[in-house]
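Asks: Keeping their order, the protein sequence lines are chains H and A.
Read in order, the letters of the first sequence are residues 12 to 301 in my numbering.
Read in order, the letters of the second sequence are residues 17 to 347 in my numbering.
Don't read these hints as lab results, they were simulated from the structure.
Remember, predicted model here, so these are calculated numbers, not experimental data.
Idealized CB from N, CA, C, for every residue including glycine.
Be aware that one or more of the hints could be misleading.
[As the list claims (entries may be wrong)] Non-contacting residues of chain A with respect to chain H, defined by C-beta distances greater than 10 Å in every case (computed):
1. L20
2. E21
3. V39
4. V137
5. N143
6. T205
7. R210
8. G217
9. F256
10. L267
11. L297
[Claimed, not checked] Ranges between beta-carbon positions, derived for each pair:
12. A:M153 / H:L231: 15 to 25 Å
13. A:E289 / H:H172: 51 to 61 Å
14. H:D100 / A:V212: 42 to 52 Å
15. A:Q219 / H:L284: 51 to 61 Å
16. A:E289 / H:L15: 48 to 58 Å
17. A:E289 / H:R97: 47 to 57 Å
18. A:V186 / H:A188: 49 to 59 Å
19. A:I19 / H:T127: 49 to 59 Å
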Amino acid sequence: MDMLLQFVANGLVSGSFYALSALGLTLIFGLMRVVNFAHGEFYMLGGVLGWFVTTYLGLNFFVGLVVVVVAMAAFGWLVDRFLIERVRDQGEEPSILLTIGLSIFLTNSALLVVGTAPLNIAGAVPNAPVFLGPVVLTQMRLFAVAACAVLILAAYLLIRHTRLGRAMRATFQDPMAARLAGIKTAYVYASTFALGTVLAASSGMLLGSIYSVQVSGGGLISLKAFVVVILGGMGSFAGAIVGGLILGLAEALWGGYVSSGTVDVIGFLIVILTLIFKPYGLFSTQVERA
Amino acid sequence: MMILERNTLLIMAVLAALFPLLVGNQYALHIGIMVLFYAVLATSLNLIVGYVGEFSLGHTAFLGLGAYAAALLSLRMGLPIWATIPLAGVISALFGAAIGAITLRLRGPYFVIITLAFAEVLRIIANNWMGLTNGPMGLSGVVQPALLADASPLAAKRFYFYLALAIAVVALYLAYRFVYSNNGRAAVTVRENRYVAQSVGIQPFAYAMRAFVLGAFLAGLAGGFYAHYITFVGANVFGFAFMVSMIIMVLIGGKGTLVGPLVGALLITVLNEYLREFQELRMSLFGLIVIGVVLFLPNGLMGFLNLRRERRRATPAAAAESHAEAPGGSA
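Input sequences plus hints: build the corresponding full structure.
Replies: Rendered as structure tokens:
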């Protein structure tokens, strides 16, 4: 029983990172319809950049996080304006290929620059254990989960209660009408892409401060984000969060009770079953057949 | 188009058949073998990407199934190479039918993700099922054919070159027959406009399925060949690296043409060898190539050449037309 609680706690911790990174993808994939295979690389870049500013430049963790957010927002904006913009409205295939090319380029360029060794990010709080009844967590983990929650809330408020957020929702409902109403849709697309990039990158930096940053791990992160988005429903905010937590829990329980070598298989089984039995996902906002 | 493509393929086959006779260098032969191996893979992926019009990222599933099937049949049951490679293709095709029955119901991004999910599941199984696949250690020492027992290394390379050429010829023959049959034309109609195709009585699912199973069969043959030639099969045959190579080849050469993937296989395999010393730089460069091709050469080299040919043919006609119209315009 104590083991079960511990597995559940671990699953919820990793689930909150899946949720944060999938939230970025649900904006890019679910709303913009860009099948972004470079999402995991944005996550990885967030971690590498976080390592660079905290360990290399010696900045404070929070200042570092702000630097990472600003840098990755600019990066996401530029990627959208210079690359994605050119294949917008051409269907999925060009965007898939474009982002695969981008992900190959980013991974291998990062490998050239920082090498294959895992990078450690100095955390904001000490790594002391915290005892909650039978469950053991570290302060850093609790802090990272709280930070995830704050970022998710910030993204929610941005989309629900700001001018930019209203422009986003209008653009994704009907781009033509949005343009007629005077919304500069090109900027809205770029901002959405930048927001998605920032969410992935901050998730990468937070997780990097608990474990370590692996430059070559981006592919699996992308796939898990896709799993969560498809499970939760394309473009759904709640879906990304619930889906992320479900994936985290399922992986922790599978790893604990079945076998730890095959943990990654659970996400793919989830996506195959979702697409067969519930192709809209759990919380779909659009009525649409896959 | 059909005759031009057929003649180009025949000339390529003759040139390839002469290659080992003119070249006595093992390294050059090895590159030739890899070009043919990738030509089969790219052709099989092209059947799905270019003719079904859906983008599969899980095609390595069939390469890997073929490779493991051939290795297991050879190691556990002692079957000879002329049986293992065709059986590898058949086993792959059976899995293709099962996986296709599930995945081809989905389209667009969902198809991409679910095919990728199947390939990843197979990779993880191959890595963990110690009893069958020997896990991460892989299956080594896949049996060589008996007639190579006391052949020189050069003769062995020549043997494998002609084996690869035979598989490539079979692959292209089947692909050619498929593409220029009613099946192929129906598949192209589905690719171009699904609803028109359905309205004239073409069932998209049935035709997509045939292309998918044929693609799986060809990739399985390539996998079987790979197992015998490299003599080692590990879970990396399911990996994304093979997938990326295949995509780049189909894309650069031009999807939806039979010659395109062959040109792509030749270009990329040679480029790969040329840049062998710069591992990460090479992959970075590949990433940039993919981005560049999508932005500037969306139909690949063959698409680009076809467009130029059509334009050249169209220009005199257009000039004549405007000339004929001119008097009417002035009157």
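Asks: Under the constraints set out in the numbered hints, which ones does this structure not fulfil?
Replies: 4, 5, 9, 10, 11, 14, 15, 17
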